[in-house]
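Each chain is listed here by its residues.
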Amino acid sequence: MQLLITGLPETGKTTFLAALWHVIESEEVPGSLIVSEVHGIRDYLNKIREDWLNCEALERTKIAVQKNVSFRLRDVQTGKVLELSMPDLSGETFRLQWESRQWTGEFEKLASESSGVLLFMHPRTIVEPVRIDSVEPLVAVLEEGNGSETLNSLPNSASRPQPGDPGSQHSFGGETTTKPWSAADTATQVKVVEILQFLRARPFIDRLLPVVVVVSAWDLISGDKKPGGWLRERLPLLHQFLEANTGTVPFVVFGISAQGAELSEAKELQQHIKASDRIIVTMPDGSTNHDITAPLKWLLER
Amino acid sequence: MNEELVKKDADPAAPEPTTGAEEAGAIIDLPSGGDLTPETAGCVTRAFLTRLVLLAGEAESGKTTLLATIYEKFNEGPFANLLFAGSETLIGWEKRCYLARVVSGAEKADTERTLGLQQRLLHLSLRDEGLENSSQHLLFTDFSGEVFKLIRDSTAECQRLGILKRTDHFVLLLDGSKVADTRSRHEALNNGMALLRSCIDAGMVGLRSFVDVVFSKYDLVAAAGQPGLDFQAYAVTTITRRFSQRLGRLRFHNVAARPEAHGMEFAYGVAELLRSWVNDSPYFVSQLAFPAQLDPSTSQFQSYLRVRFPDFCQIGVWI
Chain L
1 MQLLITGLPE
11 TGKTTFLAAL
21 WHVIESEEVP
31 GSLIVSEVHG
41 IRDYLNKIRE
51 DWLNCEALER
61 TKIAVQKNVS
71 FRLRDVQTGK
81 VLELSMPDLS
91 GETFRLQWES
101 RQWTGEFEKL
111 ASESSGVLLF
121 MHPRTIVEPV
131 RIDSVEPLVA
141 VLEEGNGSET
151 LNSLPNSASR
161 PQPGDPGSQH
171 SFGGETTTKP
181 WSAADTATQV
191 KVVEILQFLR
201 ARPFIDRLLP
211 VVVVVSAWDL
221 ISGDKKPGGW
231 LRERLPLLHQ
241 FLEANTGTVP
251 FVVFGISAQG
261 AELSEAKELQ
271 QHIKASDRII
281 VTMPDGSTNH
291 DITAPLKWLL
301 ER
Chain R
303 MNEELVKKDA
313 DPAAPEPTTG
323 AEEAGAIIDL
333 PSGGDLTPET
343 AGCVTRAFLT
353 RLVLLAGEAE
363 SGKTTLLATI
373 YEKFNEGPFA
383 NLLFAGSETL
393 IGWEKRCYLA
403 RVVSGAEKAD
413 TERTLGLQQR
423 LLHLSLRDEG
433 LENSSQHLLF
443 TDFSGEVFKL
453 IRDSTAECQR
463 LGILKRTDHF
473 VLLLDGSKVA
483 DTRSRHEALN
493 NGMALLRSCI
503 DAGMVGLRSF
513 VDVVFSKYDL
523 VAAAGQPGLD
533 FQAYAVTTIT
543 RRFSQRLGRL
553 RFHNVAARPE
563 AHGMEFAYGV
573 AELLRSWVND
583 SPYFVSQLAF
593 PAQLDPSTSQ
603 FQSYLRVRFP
613 DFCQIGVWI
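Line by line, the protein sequences give chains L and R.
Each residue of the first sequence is one higher than the one before, counting from 1 in my numbering.
Each residue of the second sequence is one higher than the one before, counting from 303 in my numbering.
There's no promise every hint is true.
Capping the alpha-carbon separation at 20 angstroms, the derived lysine to aspartate or glutamate pairs in EDC-like fashion look like this [what the hints assert, rightly or not]: (1) R:Lys410 / L:Glu99; (2) R:Lys375 / L:Glu243; (3) L:Lys179 / R:Asp412; (4) R:Lys397 / L:Asp185; (5) L:Lys225 / R:Glu378; (6) L:Lys179 / R:Glu409; (7) L:Lys274 / L:Asp51; (8) L:Lys47 / L:Glu25; (9) R:Lys410 / L:Glu144; (10) R:Lys397 / L:Glu128; (11) R:Lys375 / L:Asp133; (12) R:Lys375 / L:Glu233; (13) R:Lys375 / L:Glu136; (14) R:Lys410 / L:Asp133; (15) R:Lys397 / L:Glu99; (16) R:Lys375 / L:Asp185.
Quick caveat, the hints were computed from the structure, so don't treat them as lab data.
Can you build the whole structure from these sequences, using the hints too?
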C-alpha cells in the first residue's frame, strides 16, 4: 500500500517520518506496527531519526532531495504484513500546485498508486481569512482611546507590518496601500481544499480518497480539545468539505506531537528513558498514547 | 472534470509520451479555479443536476458583494444549515472577497467592480448539514451592470442572453442606497421594472420562472426611516401588481450583505435566500410518494423512471 503524505511547507511531515521510523524500528511502543524489512537505502531515515533523537530541528525537505521511503510492516496484534511506501514530498510541491495549477506526471503516478492521504497541518502556519469589517470595531476602539496615540506614534517602517512585508497579513491604521491579489496570500483552508479537489478529480476519480488529517505540534494546543473540534474551529471550510464528502473522502483527525514539546525544552525531552515516550498521539476520541502508527492503521483498514 | 483538462487529455495533436522518463517529466495542467463561462460550465452541468442563479441589477447594486458574502460565510463555518462541499471556482471566489479582507491592505471593505460584457459563472457545491440529501450544485452568474443595461434596453439583446431562459432563480437587485434616496429612488425602481419587463417580453422569463426581488443594502433603507420604508412598500406593491401574474413565483427580500449601519449582522437576510435557491427550482416538483397513481398519459419512460428511482425527484413542468 502506498500513502501520499501531503501538506504545505513547515507542517511537520518530515518530523513525523523521523519519529515514525524510530517507533517502527525500535519496537518501543506496544501494539504499534513494526518494521520487518526496509526497501532501498536507509541512510535518509537514519539521518532524520538521529536529528529527532537529538531534538535538533529537521531541515525543510527541498523538492530536489525528496525521498521515497518504503518498508514492510507487521501488525503484531493481527499478524498482518503490509508493504508501505510513503514518498516524503516537500511542502513546496503542494504550494506550487496551488499557485501554478500544475503538477508533474511523476507526482500523478505517485498519487494514482496511493491508497490514501496523510494531510499535515501545523497550528502555527495556518493563515486565516480576516475580514476588514470584523476588525473595524477593534480599530475604532483603538482610535478613540489612547490606542490612537499608540498607533500614530509607531513609525511606518519596521514596527508595524506593512502590506508588502513577507508573511505580513495585516495592516492597521495609518496609510494603507492595496496590493494586488496573489494566490500565495490565500488562506490555508482554501489551498488545502483545492489540493484535495485536484486529487479527487484526477488520480482518485471513481475511488475512495481516505484522508487522515494530522495536526502537528499538538502540544501547542491547550485545553481538552479533540482534534476534530480543532479542525472545525480553525479550518472550518476544510472541515465542511470533508464532512460533506465523507462518502468519497472518509476522514479522521489526529493530533500528534512528534517532538513532544518545543525544541527549546530538549533537555526535558531527553529525560525520557524511551525516546518514543516523547511522542504524544491524540486520537480522534481525545484519548492519548504514544503509538504514532495509529494514523497508518486507520488508513490500512479502509 | 474541467473542460480544459479534458481537452488536453483528448487533444489528438499532443504526441503521446513514449518513455517512462517522458511521462514522469510531463507537466499536467490542473483546473484553473477561475470563473467559468457558459461553455466551460459544462464540466459541472454535464456531471450534476445544477441550479442556475442569475443575479441581475444595475451597476453597483451589490450583485458581486452578495456572492462574496455567501462564500465568506462558508469560510467561517456552515451557513444556512448548509455545508460547503466544494467549488470549481475557488480562485474566482477568492478574488471577489479580496478587497474586503485585511490581507489586501485596504482600509475599508470593498468589492471590485465587475466590468465588461463577459458572462462569468461561479460554482458552489453545498450539502445539508444533516447529510440527508446528496450535494446540490449551484452556478451563480456574475455579470456586470452594463450587461443588464443592454438587455433592459433591447429585446434582441435580451434574447441573445440564452442563459436567462435556463435560470432556476432570477434575482433582481434593487440598490438600497438608491431606494433610500429621494433623488434616485424612482429611477432605481423604474430601471428594475424595465429590466424585468424586457426579460418577460422577450420570453426569457415567465410563468416557469422563480423571481426574487432583493432590496440590497437594506441597512441604508432602514436608516432612511419611515420615508425609506414607505417607498419600499410602494415598490413591492407596484412590482407585485404589474408582474406577479406573469411569473411562476415572485418574492421580496431585504438583504444587507455587508451592512454599514450598526445593528445588522454581516450577511443579513442572505441565509434564507440561499436556502431557497438550494431547495427550490421551477424544474422540479416535490418528491412523489411511491407507488404513485400514474396518470394514464404518463409515458413509458417516465413510468420506468418512477419504478427505477422511486426516491428521485420527478422532472416536470412547475405550472
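Could you tell me which of the numbered hints above are not met by this structure, giving the numbers in increasing order? Number 1 - this is the single hint that the structure violates.
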